[in-house]
Amino acid sequence: MRDARWRDRLRPGGYSAVALLRHGITNRAWPPAWQTPELARGYDVVIVGGGVHGLATAYYLARNHGITNVAVVEKSYLGSGGSGRNTAILRSNYLTPEGVRFYDRSLTLYRRLAAELNYNVMFSRRGHLTLAHSDSSLRTMRWRAEVNKACRVDSEIVGPAEVKGLVPFLDVSDRARYPILGALYHPPGGIIRHDAVVWGYARAADAMGVHIHQDTEVTGIDVVGGRVTGVRTSRGPIATTVVLNATAGWSSLVSDLAGVRLPVQTFPLQAAVTEPVRPFLDTVVVSGTLHVYVSQTDRGELVFGASVDPFASYSTRGSLEFIEGLATHVLQLMPSLSTLRLLRQWAGLCDMTPDFAPIMGRTDVDGFLVDVGWGTYGFKAGPVAGEAMAECVATGETPQLISAFGLDRFAAGALVGEKGAAAVGH
Amino acid sequence: MILLPCPWCGHRDAGEFRYVGEGTRRPDPETATRQQWRDYLYLRANVAGWTTERWYHRMGCRRYLSLRRNTLTNEVAIGDGP
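These protein sequences, in sequence, are chains D and H. Quick note: the first sequence uses the working numbering, first residue 11, plus one each step. Quick note: the second sequence uses the working numbering, first residue 31, plus one each step.
No wet-lab data here; the hints were simulated from the structure. Keep in mind it's a predicted model, so treat the numbers as computed, not measured. Any given hint could be a false lead.
From the structure, some residues in chain H lie toward chain D, with a derived Cβ separation under 7 Å [as the list claims (entries may be wrong)]:
(1) W67
(2) R68
(3) L102
(4) V106
If you want the ones that stay clear, here's a sample from chain D, every Cβ over 10 Å from chain H, calculated [to be verified]:
(5) V28
(6) W40
(7) L119
(8) N130
(9) S146
(10) A155
(11) V287
(12) D308
(13) L330
(14) V375
(15) G423
Note that CB positions come from ideal geometry on N, CA and C, so glycine has one too.
Looking at chain D on its own, in the form it has when it is part of the complex (with noise of 0.2 Å):
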C-alpha cells in the first residue's frame, strides 16, 4: 500500500514535493487531472450525474471492488451541482442511530481523504457549535448527545459560558431576541474545499480508467422487460444493465425516464459569501432557530447557508427576500459583522423526501439504483454514499449500513425520521 502510494506521488501526474519542484524548475505544463475518452459503445456500470456522489462511487467500484469498465456521464461540468453550491460543512451529530453511524463513517472517510487520493481537499477540524435559544431545543440537544456518545461520536451540552468562550464574537447576552441557551458542541466538524473533493475524485477514479462523461446529458433510460439495458444521451447511446441516478435536483425527472417513481420535491437553497477578512471565527456556528450557519474559509470569507426557500423550485436565482432575512439573523448572532460587505449569492437545488432523509438502493427496475433524496445533507454523506453504493453495485446486495433508506420505506410506512437534526444546521 505504502510503495504503491509513493509510485502514485513519482509519476508524471503524481502531487508530490519533488514534482513541484521538478515542474517549477522545467516550467512544464501539468498533466490533465483526468481525460475526456471518446463515449464507448458500452459500461458495465453508467453512473448518472457527476458529482461528488457519483464521482465517489466509480472511485470505490474501481477500488473496492476491481469494477472500472464505469462511465460517469455529467450533463454540464463536474461538481456543477450540489456538490458545487454546498456550504462544505462536515458534521455526524445526527439524531437517529443510523443517521449517527452512517455520517461518522462519512466524516471517517473525509478525514484521510487527502491522503489516499494524493490530493489536498483542504479539510478543516473546526469544531461544530449548534445554538440553542430554547428549552425545547436544548432538551433535543441533549438527546442528541446522548444518542452521539452511544455511537461513539464526540459531542456534548455547554453552556452559554463556554460558548463565549468558544466564540467570543456571539451575542450571549439574555438581552438578545433570542437568547442562547446553550450549545451542541461537536469537536470533530469541521469544513472542506468541496471543488477539491470532486476533482479528486474524478482524478483518482480516472486513473483507474474509469470514464468521465463532461457535456454529456441522459435523455432516456431504457427498460426492457423490467430490466435496464441501456441509457441514451445527447452524445449518443450506451448499453448498460446497471445505472446508478446520482444526481441532485433532477434526481426524480431521471428516475422517471426508467419508469421509478420518487417521493421527491425539489427546492432551492440559498447562500451566501462575504468579502475575506482576517481569521476570527474557527468554530461552525449553526442555529436552527434563526435558520442560519456560519463558517469562515481558509480564505478568510465567511460563508452564510439558510434552510431551503419557502416553496419548490428548479430556479437557481437568488432573492432580495433571503438576503435580507440572512443578514437579520446573522446580526441578531453576531452583532459585530454589520460592517461586513457580502460578495455574492448563489443557490443550490436540493431533494427533499418525506422524512428528511435520502433514498439508496435498488429500485423496482432491474439494474436501476439509485442515491437520491440528499436534500440538504448530501455533500457530507458523499464517501459514504460512494462507498455504500459501489458495494450495492458489485455485491447486488445492500450494505447494513444505508439498509434503513431504501425506497420502499415508504410504502411499508417506515420512515427514518431525522428531521430534527437535519433540517437546518450543516
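The hints should help you fit chain H onto chain D, whose structure is shown.
Showing chain H alone in chain D's frame:
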C-alpha cells in the same frame, strides 16, 4: 420580488402566501389500498416547467387559490396560463 395574483386581493408579494404545493386527489379512505394511500401522501410529479399549484394567502384574505407557475423560471400566470 415575486408577485402572486390573488383573486381577492390582487397582485401581492409571495412572502404573504404559504406554498401548499401541487394538487393531489385524496383517495377514498374506505376503499384505498395502502399503496394508493402512501402514493397520495408522498408522491409528487415535481414538474420542471409549467405546473398548477395551490397557495394560501395567509397574510391577506386567508383563502386558498390555484395558479400556474413555471418552476424553472418562477414566472406566474393567472388562470390556466401557458
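Hints, one by one, checked against the model:
no. : hint : verdict
1   : W67  : violated (10 Å)
2   : R68  : holds (5 Å)
3   : L102 : holds (5 Å)
4   : V106 : violated (11 Å)
5   : V28  : holds (49 Å)
6   : W40  : holds (38 Å)
7   : L119 : holds (31 Å)
8   : N130 : holds (37 Å)
9   : S146 : holds (23 Å)
10  : A155 : holds (31 Å)
11  : V287 : holds (31 Å)
12  : D308 : holds (35 Å)
13  : L330 : violated (7 Å)
14  : V375 : holds (16 Å)
15  : G423 : violated (7 Å)
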